[in-house]
Amino acid sequence: MSALEVGRRIAERDVHLTRESLARYAEASGDLNPIHLRDDIATQNGLPGVIAHGMLTMGLAIQPVLDWLGGDPRRILDYQVRFTRMVPVDAVDGADVHVEAVVGSVGEPAGTRIDLTVTVGGSTVLGKAQVRVAP
Amino acid sequence: MPVNPDLAGRSYPPAPPYRVDRERVRQFADAVFSTSPLSRDVDAARAAGYADLVAPPTFAVVVQQGAWDQLMGDDDAGIELSRVLHGEQRFTQSRPIVAGDELTAALTVTGIRSVGGNTMVTAETVVSDADGAHVVTATSLLMVGADA
Numbered sequence: 001m002s003a004l005e006v007g008r009r010i011a012e013r014d015v016h017l018t019r020e021s022l023a024r025y026a027e028a029s030g031d032l033n034p035i036h037l038r039d040d041i042a043t044q045n046g047l048p049g050v051i052a053h054g055m056l057t058m059g060l061a062i063q064p065v066l067d068w069l070g071g072d073p074r075r076i077l078d079y080q081v082r083f084t085r086m087v088p089v090d091a092v093d094g095a096d097v098h099v100e101a102v103v104g105s106v107g108e109p110a111g112t113r114i115d116l117t118v119t120v121g122g123s124t125v126l127g128k129a130q131v132r133v134a135p
Numbered sequence: 136m137p138v139n140p141d142l143a144g145r146s147y148p149p150a151p152p153y154r155v156d157r158e159r160v161r162q163f164a165d166a167v168f169s170t171s172p173l174s175r176d177v178d179a180a181r182a183a184g185y186a187d188l189v190a191p192p193t194f195a196v197v198v199q200q201g202a203w204d205q206l207m208g209d210d211d212a213g214i215e216l217s218r219v220l221h222g223e224q225r226f227t228q229s230r231p232i233v234a235g236d237e238l239t240a241a242l243t244v245t246g247i248r249s250v251g252g253n254t255m256v257t258a259e260t261v262v263s264d265a266d267g268a269h270v271v272t273a274t275s276l277l278m279v280g281a282d283a
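Protein chains in written order, with my numbering: chain A, 1 to 135; chain B, 136 to 283.
One or more hints might be untrue.
[Said to hold, decoys possible] Per the computed footprint, the stretches of chain B lying under chain A, defined by three or more beta-carbons under 8 Å from a beta-carbon of chain A, are:
| no. | region |
| --- | --- |
| 1 | 150 to 163 |
| 2 | 195 to 209 |
| 3 | 216 to 229 |
[Claimed, not checked] Listing some non-contacts, in silico: residues in chain B with all C-beta distances to chain A over 10 Å:
| no. | residue |
| --- | --- |
| 4 | A212 |
| 5 | G213 |
| 6 | A268 |
Note that these hints are calculated values from the structure, not bench results.
Cβ atoms here follow ideal geometry from the backbone N, Cα and C, with glycine treated the same way.
Taking the hints into account, I'd like the entire structure generated from these sequences.
In structure tokens, the structure reads:
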């Protein structure tokens, strides 16, 4: 990781979400809000249908960075996102999430900032998605 | 019921300690599409210098959830889950969470402001281990809609 320069893409990943992914995340996280599990309740709340947990999108979006760190989260100091767009997950087609991780800034003592671009169908779903990694 | 404008600065006592078990770490790792062996293989985690399986970076949401339940369960706060949208989330960590940790989570409302008809509530959950050492701070911006 010596030649880190701003703008360099360090990782990229595609994740296919299904309704089963949402049920699995609900159970693992304890977030049982039914708008992530049931279309009828989602539509009652003004949504097009079941949407992914924002925290699931946040949780999967950092995985390429974790891979880049050899699977070890020790150097991750800070991770933040804004939830800017909902991710509907179709009962048949699911949803395809694309993650790109690019070096945003380098230097001591703040470490390296990795900027994540997270898109579904070409639209960004997370804003200001940044990971700060210790030097 | 509107959000209580005096909520800023209010702290909630820590919920009973949450013990992180291996199965939950593995389950969470699967759920967030992690491929790290440190979340699945105890020997790999130990070889990397950890006491036990290492939780993925956003695992603190599991303990944050309990702290949120306290906030939403406080009738005086005026925050109903059905009117809440999660706007932002941040984790600032001192160390990764590992299986065997006994974590306590203490929530404080650090900010509150009105934007249009909505109320933006910033809630900071400080997660500490059994020795009282800081593990991670989970900060959330919650957007609470006006009464329907």
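Status of the hints after comparison with the structure:
1. 150 to 163: holds (count 3)
2. 195 to 209: It holds: at least three residues are needed, and the region 195 to 209 of chain B offers 4 whose Cβ sits within less than 8 Å of chain A.
3. 216 to 229: holds (count 11)
4. A212: 18 Å, holds
5. G213: Fine: 19 Å to the nearest Cβ keeps G213(B) off the interface.
6. A268: Per Cβ check, A268(B) is outside 10 Å of chain A; nearest 15 Å; holds.
When each numbered hint is compared with the structure, no violation occurs for any of them.
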